[in-house]
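Engineer: Taken in order, these protein sequences are the chains called A and B. Position one of the first sequence corresponds to residue 1 (this note's numbering), numbered consecutively onward. Position one of the second sequence corresponds to residue 1 (this note's numbering), numbered consecutively onward.
If you are wondering where the hints come from, they were derived from the structure by calculation, not from laboratory data. Keep in mind that the hints are not guaranteed to be accurate.
One copy or two, either will do: identical chains are not told apart, so a pair holds if it fits within one copy or between any two.
[Unchecked claim] Within a straight-line C-alpha distance of at most 30 Å, the following computed DSSO-like cross-link-like pairs (lysine-lysine) qualify:
1) Lys45 with Lys135
2) Lys13 with Lys45
3) Lys61 with Lys45
4) Lys115 with Lys33
5) Lys185 with Lys45
6) Lys52 with Lys33
7) Lys52 with Lys106
8) Lys135 with Lys61
9) Lys33 with Lys45
10) Lys115 with Lys34
11) Lys106 with Lys135
12) Lys155 with Lys135
13) Lys185 with Lys155
14) Lys13 with Lys115
15) Lys32 with Lys185
16) Lys34 with Lys61
17) Lys61 with Lys185
18) Lys106 with Lys61
19) Lys32 with Lys52
20) Lys45 with Lys32
Protein chains: 2
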Amino acid sequence: MQEILHAIQHLIKPSNEELRAFTDIVLARSYKKKELILQEGQICKNVYFIRKGLIRYYQVKEGTEVTGQFFSENNWYTDLESFLTHRPSRLSIEALENSELLLLPKQQMEELYVKHPVFERLGRILAEQAFLGLKNRHSAYILRSPQERYTSFVKNCPHLVQRVPQHYIASYLGIQPQSLSRIRKRISLVQDLLT
Amino acid sequence: MQEILHAIQHLIKPSNEELRAFTDIVLARSYKKKELILQEGQICKNVYFIRKGLIRYYQVKEGTEVTGQFFSENNWYTDLESFLTHRPSRLSIEALENSELLLLPKQQMEELYVKHPVFERLGRILAEQAFLGLKNRHSAYILRSPQERYTSFVKNCPHLVQRVPQHYIASYLGIQPQSLSRIRKRISLVQDLLT
Chain A
1 MQEILHAIQH LIKPSNEELR AFTDIVLARS YKKKELILQE GQICKNVYFI
51 RKGLIRYYQV KEGTEVTGQF FSENNWYTDL ESFLTHRPSR LSIEALENSE
101 LLLLPKQQME ELYVKHPVFE RLGRILAEQA FLGLKNRHSA YILRSPQERY
151 TSFVKNCPHL VQRVPQHYIA SYLGIQPQSL SRIRKRISLV QDLLT
Chain B
1 MQEILHAIQH LIKPSNEELR AFTDIVLARS YKKKELILQE GQICKNVYFI
51 RKGLIRYYQV KEGTEVTGQF FSENNWYTDL ESFLTHRPSR LSIEALENSE
101 LLLLPKQQME ELYVKHPVFE RLGRILAEQA FLGLKNRHSA YILRSPQERY
151 TSFVKNCPHL VQRVPQHYIA SYLGIQPQSL SRIRKRISLV QDLLT
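In isolation and in its complexed conformation, chain A is listed as follows:
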């Protein structure tokens, strides 16, 4: 539990009693590499905190998986759309490594919001952070070239470059795998020239 408690105390200042009420609703679950955490069509009823491992979400477009985003240690994730609207999810969540997740069930979270409003603040901050992450990603799509998107990914998520299979990175960046190989080759040539 230590990781999630540190993560929330970084965002809000709950009392010991409030912290206990929070830990009471948290469930732990392990997922094997390649196991689905949520499947398209299911309703997403949890917020997930990644204690260990790596997950991705993806949507299927004309038979092809389009990777949405990656989340690793100490990240929070939920399919907020399905979670908030109670509609079947349009995406799937998959473990890319053996992963240990903590689950915050929706109904218990809503009771917690009412009993301990300090967690409304946590909910607000997490929603704001989710918005900022998506905004950066959307702006990169609209305003940046594929090469800029890749260099920015390497700069901001160096820990993911080695852990995530390359075709998922290409799909995440909206780049054809062969174009990503060309971009990587070009960058490595420039690096060689500079060293």
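Chain A is already provided as a structure; the job is to place chain B on it using the hints.
Structural biologist: Okay, now just chain B, sitting in the frame of chain A:
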């Protein structure tokens, strides 16, 4: 004030005292058509509620304005990125019609959150809604063709189709203006055949 009070009572259930504390922090401002509400480089220090009129935000990419989104009566908007991080905004907000806006200043909102936690809930719900709006928009970019993006815009925002100049709609949808004209012509031919 009636519109904004209805809008918040639709989302949360504040007491009369809490409602008074809320109205105390709201400022009213009018903007002429084409006037900038926020200019790129300024820090966004308000949440805006559109009482009357129409606004858009845009970013500049290689000298060209790329329209981000439109907001009309009873919509909320802020550059959440600049608002939350205190960093200079990467976008500009412009009135597309003479507009009447209500402003919620950041500092007073934060004091309100502390004094009346019911407004934490409002902040959470608004951040969640902002996320959902952006998610829909981002998914449309990743998963839909230009023609699908346009027909979905017409279906979801029929009130904007007449009010927003066409080149802004094209820019918002990530379509060249001449392609949008072709798409509109094609749709109108199909409609003629069906009627």
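Engineer: Going back to the hint list, which numbers does this structure go against?
Structural biologist: The structure breaks hints 4, 5, 10 and 15; every other hint is satisfied.
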